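K.L.:
Top line first, the protein sequences correspond to chains A, B and C. Quick note on the numbering used here: the first sequence kicks off at 81 and runs consecutively. Quick note on the numbering used here: the second sequence kicks off at 81 and runs consecutively. Quick note on the numbering used here: the third sequence kicks off at -11 and runs consecutively.
Please keep in mind that the hints were generated in silico from the structure rather than gathered at the bench. From a predicted model like this one, the values you see are computed outputs, not experimental measurements. Among the clues, some could well be false.
Derived pair list, reagent style DSSO-like, types lysine-lysine, alpha-carbon separation capped at 30 Å [claimed, not checked]: (1) C:Lys111 to C:Lys345; (2) C:Lys167 to A:Lys220; (3) A:Lys353 to A:Lys247; (4) A:Lys202 to C:Lys13; (5) A:Lys202 to A:Lys170; (6) B:Lys208 to C:Lys13; (7) C:Lys167 to A:Lys170; (8) A:Lys170 to B:Lys155; (9) A:Lys220 to C:Lys345; (10) B:Lys239 to C:Lys111; (11) B:Lys409 to C:Lys13; (12) A:Lys224 to C:Lys167; (13) A:Lys247 to C:Lys345; (14) A:Lys202 to C:Lys345; (15) B:Lys208 to C:Lys345.
Some chain B residues near chain C, calculated using beta-carbon distances under 7 Å [unchecked claim]: (16) Gly121; (17) Ala126; (18) Leu141; (19) Thr184; (20) Ala193; (21) Ala222; (22) Pro224; (23) Ala253; (24) Gly306; (25) Gly340; (26) Phe353; (27) Thr379; (28) Glu382; (29) Phe398.
We treat Cβ as the ideally placed atom computed from N, Cα and C, and that holds for glycine.
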Amino acid sequence: MSTHLDHDQQHRTNESVALAPQHLGPAAQGASSLTATDVSCWFGSRQVLERCSLSMEPGKVTALIGPSGCGKSTFLRTLNRMHEVVPGAKIAGTVELDGQDIYGEDLGVTEVRMAIGMVFQKPNPFPSMSIRDNVLAGLKLSGKSAGDKDTVVEESLRRAGLWNEVKDRLHDGGMSLSGGQQQRLCIARSLAVHPRVLLMDEPCSALDPISTRVVEETVIELAHQITIVIVTHNMQQAQRVSSQCAFFLVEEQKQPGRIVEAGDTATLFTNPKDQRTLDYVTGRFG
Amino acid sequence: MAVGDAVAVAARNVDPMSAISPQVPIRPSDRPSRGDRIFRGFTVGAAMLALVTVVVAILFLANEARPALSSTGLKNFFTSTIWNGFIGQFGILGVMVGTMIIATIAMIVAVPAALSMALFINEYAPRKVGRLLTSVVDLLAALPSLIFGMWGRDAFQQKLVPVARWLSDHLYAIPFFRLSAEDVVLVRSSFVVGVIVGIMVIPIITSISRDVMAQAPRDVCEAALGLGGTRWGMIRTVILPFGRSGIIGGILLAFGRALGETIAVALIIQLTFDINWHVLEAGGSSVAGLIAVRFGEATPLERSGLIAAGFALLVLTFTVNLIARRIVKRGQIK
Amino acid sequence: MTLLDDAPVADGAGDAATGMPEQPKRKVRGLTRPEWAEYAIALVAGISLALLLRTLLDWDDVMGSAIIAGIAFIGVHYLIVRERTSPDVALDKVVTTMMWTVGAVIVAMLLWMLSYVAVRGMKLLNWTFLTSDLSTTGSLEEGGGALHAIIGTAEQVAIATIVVVPVAVLTAVYLHELKGRLAGLIRFVVDSLSGVPSIVAGLLIFTVWPGYAGIKASAALAILTLPIVTRASEEILRTVPDSLREASLALGAPQWKVVLRVVLPTARTGLATATILGVARMAGETAPALYTAFGSASVNLNPLNGAQSSLPLFVWDLIRVPDQRQNDRAWAGALVLVVIVLVLFATARWLSARADKKLGRR
Chain A
81 MSTHLDHDQQ HRTNESVALA PQHLGPAAQG ASSLTATDVS CWFGSRQVLE RCSLSMEPGK
141 VTALIGPSGC GKSTFLRTLN RMHEVVPGAK IAGTVELDGQ DIYGEDLGVT EVRMAIGMVF
201 QKPNPFPSMS IRDNVLAGLK LSGKSAGDKD TVVEESLRRA GLWNEVKDRL HDGGMSLSGG
261 QQQRLCIARS LAVHPRVLLM DEPCSALDPI STRVVEETVI ELAHQITIVI VTHNMQQAQR
321 VSSQCAFFLV EEQKQPGRIV EAGDTATLFT NPKDQRTLDY VTGRFG
Chain B
81 MAVGDAVAVA ARNVDPMSAI SPQVPIRPSD RPSRGDRIFR GFTVGAAMLA LVTVVVAILF
141 LANEARPALS STGLKNFFTS TIWNGFIGQF GILGVMVGTM IIATIAMIVA VPAALSMALF
201 INEYAPRKVG RLLTSVVDLL AALPSLIFGM WGRDAFQQKL VPVARWLSDH LYAIPFFRLS
261 AEDVVLVRSS FVVGVIVGIM VIPIITSISR DVMAQAPRDV CEAALGLGGT RWGMIRTVIL
321 PFGRSGIIGG ILLAFGRALG ETIAVALIIQ LTFDINWHVL EAGGSSVAGL IAVRFGEATP
381 LERSGLIAAG FALLVLTFTV NLIARRIVKR GQIK
Chain C
-11 MTLLDDAPVA DGAGDAATGM PEQPKRKVRG LTRPEWAEYA IALVAGISLA LLLRTLLDWD
49 DVMGSAIIAG IAFIGVHYLI VRERTSPDVA LDKVVTTMMW TVGAVIVAML LWMLSYVAVR
109 GMKLLNWTFL TSDLSTTGSL EEGGGALHAI IGTAEQVAIA TIVVVPVAVL TAVYLHELKG
169 RLAGLIRFVV DSLSGVPSIV AGLLIFTVWP GYAGIKASAA LAILTLPIVT RASEEILRTV
229 PDSLREASLA LGAPQWKVVL RVVLPTARTG LATATILGVA RMAGETAPAL YTAFGSASVN
289 LNPLNGAQSS LPLFVWDLIR VPDQRQNDRA WAGALVLVVI VLVLFATARW LSARADKKLG
349 RR
């Protein structure tokens, strides 16, 4: 039964490739642009985001900053359709990956998530799998054919900057690693399916400063290859890793969050147009 | 180049006050893949199949009870204590009350013991003792009721005779503890069975109340201790009020289980059909025990009567159980 | 609870990591010197009061004296603690003593029961008992055994397990992972099923599917354990962190693969533990088999046809006859049953302890 369904999945993937060859086919590897237009979000009847528009440039790191509860994580989750996993979650607006609407009819949700990977706040390797299996998990779970598995494992772990630390213990459990290593394992797991965009939701908030530094270096390294969108609370981190930046804010209690200002990171931090941005980046509130 | 970048990422945020039509929230639709649909069908099928089978079985049971009910009459069935297969009279009042008596005695034994165990393991016991007791309680739950019944019959009930004697000597103010004669037998009684069933249901109350009490907000508990309160003070002011509905639900669940207990009861009790309020004396009754002992050699009509009694018991335990689950659930949401 | 549990572990790990010589640990939960004195005084007072009453009133009841001594101990202890500190603290001490007592009594009961079964059962438990049936052995002859019952239990429990576990796990998946429209109804029925008395489960099968066969006992056992295993499985699925589900979905997995490849493998130890405990429960159930498998004296290998014995049935039939040798056989059968349950229980414990260690939950 399982193999049969694997084929089914395979088939679906190929179908959509036929529909949009220039966008999601395996040939079109590398970085893509991601453009959100007028994205609004609701949980039940409560609106949490209001008409956020942002374009995320290919091969660049875009940081989303702002105080807690301003909707930046929600915005991030709309970018690969993880928002709708929460029951009662609703959305309006469009998100385009290289010009194709990811909420459109042509794309299945699984294909979207394969093309746009995600790394979570807390490292979450699969405890039932070894390090190697964790890296390959995406391929197995999405039914993509892997080619040479050992190559995929090595390449992904190298790109995540973890290869040298784990190459001798690939069959150990994923939970045997330290927190920082686990997070890089999760990055490797996302990279193994060759996404063209990688979303990171405060990837360092559960890590110590040294691990944080290593993950940041990994992010900067990866930016040459794929598009990265990173949510962070840490403004030094935003300055260190990103070249573009968007500032989210909830102006009053119970109001939805909005993008106040977006642009070049250096400009945003040194010479913002909006007073509220200036207040935030200089630490006057938030 | 730099200019291009800035333009590209410039916020295209629209002023909400301007006259654009309001956005309509949609729930993004995704047609589940064929694999997901098959999987979903499979799980629903499995769940429903089991349920439908059981519901059908219950309908069959109700149907089989009809001959006895029509020969007895519905009113007599509930209000008579006469159980006689030859004249086709099946009154379950006596056995039902007997079942209740046993279950009530079981609760009187189990509730204090189980709650102290729960509090002891959660709050008082040193780590190792707590672990040991958790295992002991779980093992009590895992041991078959047959074993409890055999041990109760051959070993434990003799030790309860002095207790029963003492109760009848000193607490005869309570009518249940009076004896009908000086020389009555003090084994094979509702009291003995009740105590043994009580020991059997301790794990049910302990595990459920432990779960709810462990959810009591730790910071409030620590605040109570931090003010110089004793552990018992903390339990009384924080943990017990917090866990109340879970504890009550757990007690009801155990009560339902005690109502339905079969084998231990059937092994020990001397079966009667009348209501025997002298709980310390030999002789008592239980629906489940009655079925276990009589069904084998019963005539078809009496079998129908036993099935009717079983159905009545089923309805009773269903009700108790559902109320209990509701209460437990309410406690957990809080 | 968690806080207190974790503290000592963390200390030990810290010492090992730094490579320093291990520091002596301060005891934080022990008794202070006055507390020791209070306990000692109360104990002496309690015992002497009991002895005094014993000699004055000429009692010879040991149990009674022990109970008097216990009550006196608690009373005296309360009074002297209240004198030194406060009524609240004294009450706390009384409660502590009572809880220790209840714990000790329950442990003692369990040990008594287990050792009683062991002593009574050892009398006849030998190789012959495990390898012969009762087809040619009556109450007057020696020998004979429970082979037919052991075979019956094995077959009935195996069939019931094969049916119950997949259905229960799939139902739990429906309730917790898919959260489908019927979830409310299904949960309601599972809840009410968990209240079915064991004898009624047997009656249900008897009315729907009359006649005697091992597989009918399996069906009754399945009705009885289905709600238990379903509930346990749902609890276990609840312990699988949502972050793993999200991680899988974010990799582009369809839901069925998330469940089959990530959620269930993560939960597998828990599910195995629940299954083992379900098996132990089924092995010990008498009532559902009474009028479905019925019991017999000889080996019946075919679970599909004809009366079949099982260990509980074997014991139930032989313990109720007024005959010493048959009773002894029943006790030997009970011992076999208890050993089976203990082995299964220990296995379940070991599995979950190992899993906790592996996931660093300790």
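K.L.:
Check each numbered hint from earlier against the structure, then list the numbers of those it violates in ascending order.
P.N.:
The structure conflicts with hints 1, 3, 4, 8, 11, 16, 19, 23, 24, 26, 27 and 28, although it agrees with all the remaining ones.
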